[in-house]
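A.B. asks: Here are the chains, one letter per residue:
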Amino acid sequence: MGNKNSPFKMVWRQFKKNRLAMFGLGLFIALMVVALTASWIAPYGFDDQDVSRRFLSPCAAHWFGTDNLGRDIFSRVLHGAKVSMSVGLISTAVSASVGVVLGSFAGYFGRKTDNIIMRILDVFMAMPQFLMAIVIAAVLGPGLINCMISVGVSGIPAMARVARASVLTQSNQEYIEAARSINASHFRIILRHVLLNAMSPILVRITMGLAGAITAAASLSFIGLGIQPPNPEWGAMLAGGREYLTKYPWIVMFPGIAIMISVFAMNIIGDGLRDALDPRLKD
Amino acid sequence: MSTLVEVKNLKKYFKTKSGMLHAVDDVNFAIEKGETLGVVGESGCGKSTLGRTILHLLDSTDGQIFFAGKDITQAKGRELKRLREDMQIIFQDPFSSLNPRMTISQTITEPLKIEGKMRKEEIRIKVAELMETVGLADRLVNTYPHELDGGRRQRIGIARALALDPKFIVCDEPVSALDVSIQAQVLNLLLDLQEKRGLTYIFITHDLSVVKYISHNIVVMYLGRMVEKANARELFEKPLHPYTKALLSAVPVANIHNKQQRILLRGELSSPINPKPGCRFVARCIYAQRICHNEEPKLVELGKNHVAACHFAKEINQ
Amino acid sequence: MTKVLKVKDLTIHYVTDDAGTCRAVNKVSFDLKRGETLGLVGETGAGKTTIALGIMRLVPDPPGRIIGGSIDFQRDSLLEMSEKRMRKVRGKQISMIFQDPMTALNPIDTVGDQIAEVIRVQENVSRAEANRRAVSMLEMVGIQGTRFGDYPHQFSGGMKQRIVIAIALACRPELLIADEPTTALDVTIQAQVLDMMNNLKNELGTSMILITHDLGVVAQMCEKVAIVYAGEIVEMGTAEDIYDSTRHPYTVGLFGSLPSVAGDAKRLTPVPGMMPNPADLPKGCKFSPRCPQKVAECEQHEFALYQISDTHLVRCIHCGKE
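Chains as they are written, first to last, in our numbering: chain U, 1 to 283; chain Z, 1 to 318; chain D, 1 to 322.
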């Protein structure tokens, strides 16, 4: 099926025109590459300590300098990409899958189902997302997997809400009625008809959610509830370097910039997606 | 002549915050196989709701629906599935009635896929046949709705409705959104299909000239009630109900020498929510008397197969 | 009799990056006398709305641009006027009713205020005076003056349309352009509104351009008719010319597409095919690909409008030979 005018291809064409968005996409791809190849391209291991080479400012041997334990910050940032990306992607996958399912059921079936699901979610939404992540993390304890769970679960309500709203707008369209008239099952209608067309706001939310997840993971680790040392998570690196901020700022600076770049990239992609999705398909 | 579709005392009410909306209120008719029943009326008359209720896209509130002699009012599950293969619908809006992310062939293929009785290759052949039948060039097979104009999109809707070889099709304002010349093309297509396949139609529209062209019999609806039913020709030559007369006189005719006297109705449509007792048309009727406010007129046979619901039908038409 | 409007060789193009140049209107010319109603008839995409926007100088620029031609209103050239002066013309001397009346009214203003505002903006009168005139406009369109303080959502579709007409006529413009004013209305309401428009038009002496695809409405309202196809006028004349002596094959096809309310149901004879994409117009006569009377020359040359009677013009090779 090679129609160059498929809605997907049209969105991609529109997205390509947005230089900033393409730049963001490039950054994201670069981050993924770094995350995947960190073990190979990092000049040192993430936990190679050399107490004799502590607090070295950026130089030829250590591009980002060394930290309080003599570890190469550049290598730690690169490895950190792997941690941050995986936490970001997996927790977003969790919130997206559960959130979209809940939201679309609520939006499609309406009435009682909608009420029950949304009232439960309302309770969770009363808590700020990050606070909820803290609570879950406090209950589950620190660690990589638990971090993914807490960030993932705390993102479910927002995703569900977006999914529900989007599904609601589609549910009134006549082609849904048409699908019922040809005996399509609810399952088929939700998957093939409703969701496919309701995807736009959900996709945008997912990219924005990815940025939020990375930030949340970093924040959790910063306060000690997320990824534990010696794992090189950017937020944890920020926490570790806090006390040396004035004397050896590079310990904090580089992981901080890494977080910023990742979040920036996601947000830009999200914006670009939103713009590319909007006008085109409102024919 | 066998009756294919019959409807008795059909009612469809909606619960709203302000009260009970009488969308379809006590409608009765029978359609013979191979014929077209036109359902005509203005906004709020309930014609679209009627079509959807017969097809079980909406659940009826009361009354009975018969298909090929069988009572299908409560049809559910497998029975409904089987029924739907015989009863299909063509929608009004050629854009919103097609999934924007499905190509033409995917849209037409879907009902066959769901039915599950044909192999992939057989389905592909059938889809190609259907496209040819409705006049869609086969190079359009992988196009999306947004690439096509209203007329072509509507043809896709017709092909989809034909896919399961139904006997009965509800046409819900299928040409209202189309330009005049495309309208004519699609109307001719529908007529040809009826002739070739022996299809039975309910043709819902607000356009009187179109309904006359395509229908054998016509039902006029007002605020959920049937006010008149007759053979198409007779309805236009001898309208009995005051509303039908006003409706006919209001149609702008493409003839500059037709200086007919227009019957201009007073006022506006009353609300279909919690309707008052009495004739629904009383607020705008120039013949209204006391009884019209109090008693709902029944459909009375005033000619061969010609019924009208008006207390003074005989007197008005002396 | 003075001509209120003289449009000559109006050409409007839309230039976009992805769709190329859309030749929406090509050398359109027509006149309008005082008190006359011209029907601009055509199907979707013919360019009729663009012509109206051109007259009002409301063509979105970019991507639209008036490439050529002249529009003379009374004694002024509309295309050469400054935007400042044009603003004085719009709403006061030329008014337009757009296609969707349901969304033309501001939902948070009372209807009386919306009418009065137009009067205050265009004419230097006191608020009290403007309100008084607004009330009389409401009555003129058949709405009780006491409803001055009601909001648009309190009115039905037909009444909203009357209010839109009241706003348009509030300053007694010389020319009213109505773009499909009754398409969205029920037939019985349409009859009321058209009737009202006719009476008002006669009372106020307003000239009108009525854009529509409905030949029935045109028969009821217009003395003069122009048939628009692919950005050009293909036939123009008095109502009698067009209805009784139809000449252009497209116009014939239009009439052949209309099922009639009276008489027997003959099979409809529409023209096959569709109007061409204005970004990709065929060479020669724009209608030739679909024309049942096409000859070889039709695809090579474009034709001018031939005058076949005092009032009747047709753009067709078969009429030129007379």
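Where hints are given, some of them may not hold.
The calculated DSBU-like cross-link candidates involving lysine-lysine, where the alpha carbons are at most 30 Å apart (straight line), are [what the hints assert, rightly or not]:
1) Z/Lys304 / Z/Lys76
2) Z/Lys11 / Z/Lys196
3) Z/Lys11 / U/Lys112
4) Z/Lys304 / D/Lys88
5) Z/Lys167 / D/Lys266
Since the hints were made in silico from the structure, they are not lab data. Just so it is clear, the structure is predicted and the values come from calculations on it, not from any experiment.
A.B. asks: Straight-line Cα separation of Z/Lys304 and Z/Lys76 no greater than 30 Å?
C.D. replies: violated (37 Å)
A.B. asks: Sort out whether U/Lys112 lies within 30 Å of Z/Lys11, counting only the CA atoms.
C.D. replies: holds (25 Å)
A.B. asks: Would the pair Z/Lys304 and D/Lys88 pass a check requiring their Cα atoms to be no farther apart than 30 Å?
C.D. replies: violated (63 Å)
A.B. asks: With the threshold set at 30 Å, check whether the alpha-carbon distance from Z/Lys11 to Z/Lys196 stays at or below it.
C.D. replies: Judged against 30 Å, a Cα distance of about 33 Å means the pair is violated.
A.B. asks: Take the C-alpha atoms of Z/Lys167 and D/Lys266, compute the straight-line distance between them, and say whether it is at most 30 Å.
C.D. replies: Judged against 30 Å, a Cα distance of about 26 Å means the pair holds.
Violated hints for the displayed structure, listed by number in ascending order: 1, 2 and 4.
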